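Each chain, letter by letter, is given below.
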Amino acid sequence: MQRAWMVLALIAVLGACGRKETVPNNTEAMPAETTMTAVTPMPMPAESTPAMAMTVTDPQIAAIVLAANSADSTAGALAKTKGTSAEVKKFGERMVTDHGASNRQVVALAKKLGATPEDNATSQKMRQDGDQNMAMLQGLSGSAFDKAYIDHEVAYHQTVLDALDHTLIPSAQNPELKALLEKTRPVVAAHLDSAKKIQSTMGMH
Amino acid sequence: MHIVPGHLRAARRAGARLLVVPTLLALAGVAACAERAPNAARPTRHEVVIDNFRYLPDTLAVAVGDTVTWVNHDYVPHTATAEDHTWDTGSIAPDSSATVVIRRAGAHPYLCTFHPTMRGLLRAR
Numbered sequence: 001m002q003r004a005w006m007v008l009a010l011i012a013v014l015g016a017c018g019r020k021e022t023v024p025n026n027t028e029a030m031p032a033e034t035t036m037t038a039v040t041p042m043p044m045p046a047e048s049t050p051a052m053a054m055t056v057t058d059p060q061i062a063a064i065v066l067a068a069n070s071a072d073s074t075a076g077a078l079a080k081t082k083g084t085s086a087e088v089k090k091f092g093e094r095m096v097t098d099h100g101a102s103n104r105q106v107v108a109l110a111k112k113l114g115a116t117p118e119d120n121a122t123s124q125k126m127r128q129d130g131d132q133n134m135a136m137l138q139g140l141s142g143s144a145f146d147k148a149y150i151d152h153e154v155a156y157h158q159t160v161l162d163a164l165d166h167t168l169i170p171s172a173q174n175p176e177l178k179a180l181l182e183k184t185r186p187v188v189a190a191h192l193d194s195a196k197k198i199q200s201t202m203g204m205h
Numbered sequence: 001m002h003i004v005p006g007h008l009r010a011a012r013r014a015g016a017r018l019l020v021v022p023t024l025l026a027l028a029g030v031a032a033c034a035e036r037a038p039n040a041a042r043p044t045r046h047e048v049v050i051d052n053f054r055y056l057p058d059t060l061a062v063a064v065g066d067t068v069t070w071v072n073h074d075y076v077p078h079t080a081t082a083e084d085h086t087w088d089t090g091s092i093a094p095d096s097s098a099t100v101v102i103r104r105a106g107a108h109p110y111l112c113t114f115h116p117t118m119r120g121l122l123r124a125r
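Keeping their order, the protein sequence lines are chains A and B.
Using our numbering, the first residue of the first sequence is number 1, and each one after it goes up by one.
Using our numbering, the first residue of the second sequence is number 1, and each one after it goes up by one.
Please keep in mind that the hints were generated in silico from the structure rather than gathered at the bench.
All values reported here derive from a predicted model rather than from experimental measurement.
Not one of these hints is a red herring.
Here are some chain B residues pointing at chain A (derived, C-beta under 10 Å):
1) Arg54
2) Thr113
3) Phe114
Pairs of lysine to aspartate or glutamate residues, derived as EDC-like cross-links and limited to a Cα-Cα distance of at most 16 Å, are as follows:
4) A:Lys183 / B:Asp95
5) A:Lys183 / B:Asp51
6) A:Lys183 / A:Asp165
Not the full set, but computed from the structure, chain A residues with beta-carbon under 7 Å of chain B:
7) Arg94
8) Asp98
9) Ala101
10) Gln105
11) Pro186
12) Ala190
13) Asp193
Beta carbons: idealized from backbone N, C-alpha and C, even for Gly.
Construct all of the structure, not just a fragment, from the sequences and the given hints.
Below you can see the structure in the form of structure tokens.
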């Protein structure tokens, strides 16, 4: 249920982003070599989900990835210290390492391209969700903390994976940004698998 | 099976050179011997690339005495760790590598301890 809500919320804000970005892009605002631009919706096959038609600009994608990584890295740092089971602590530590590495890649690419990540409804929503998750986790302890943290990690990584597949990767225009997103996909997929395994061994769902 | 740090491998290679280079004649003799015995057991260096959270190739045939080097092309660290923990590369940083020497015949299933969904297999003869 929580996951379904998160997916719907993300799709909703991505949709808002996409509609907003169907207007012509002001390319003069960025250096000529910076090809992070807005795109118009692609023709949507009949069987496509609504999310596939939504588009975001490259600077917005960068901001979304940064926000997503930061939120999960922060929660991971908390799990590393507050988690009870060794698996949860180890997983939290891995989130700090991997999502930190992902953010360094995004920052380095933006710097290389001379582009500035552009905050948007989706990145703001991810920060808000991250803050709410942290507030919720701060009030828990013991096995209740472990369960809530892992449940959220499963939902979060599934949401991000869906966003990568249906919106972020298809929308990315800069080849290097698209390649970075494609390189990030297996990171998120591996995290999702690990979180699900931990979740199953905890007797959840 | 154990990890051979790069500087030790270099030292061993340097040592080997010292043994075979005293004279040009000796060097030629060693080379000639090598040519006459192509089937002699010379360790082979294998390479496994880590890319997009996969070992490529994920299954590799090796011989006892061979070396296997894992090269990490991902932007996060990985390991190659025997499931029975008889060998372990430890953390392989992005764009870095680590090498192990195969010391035992048989199947060596291994995984990344950081990302346990990553699995590989060495078959040593």
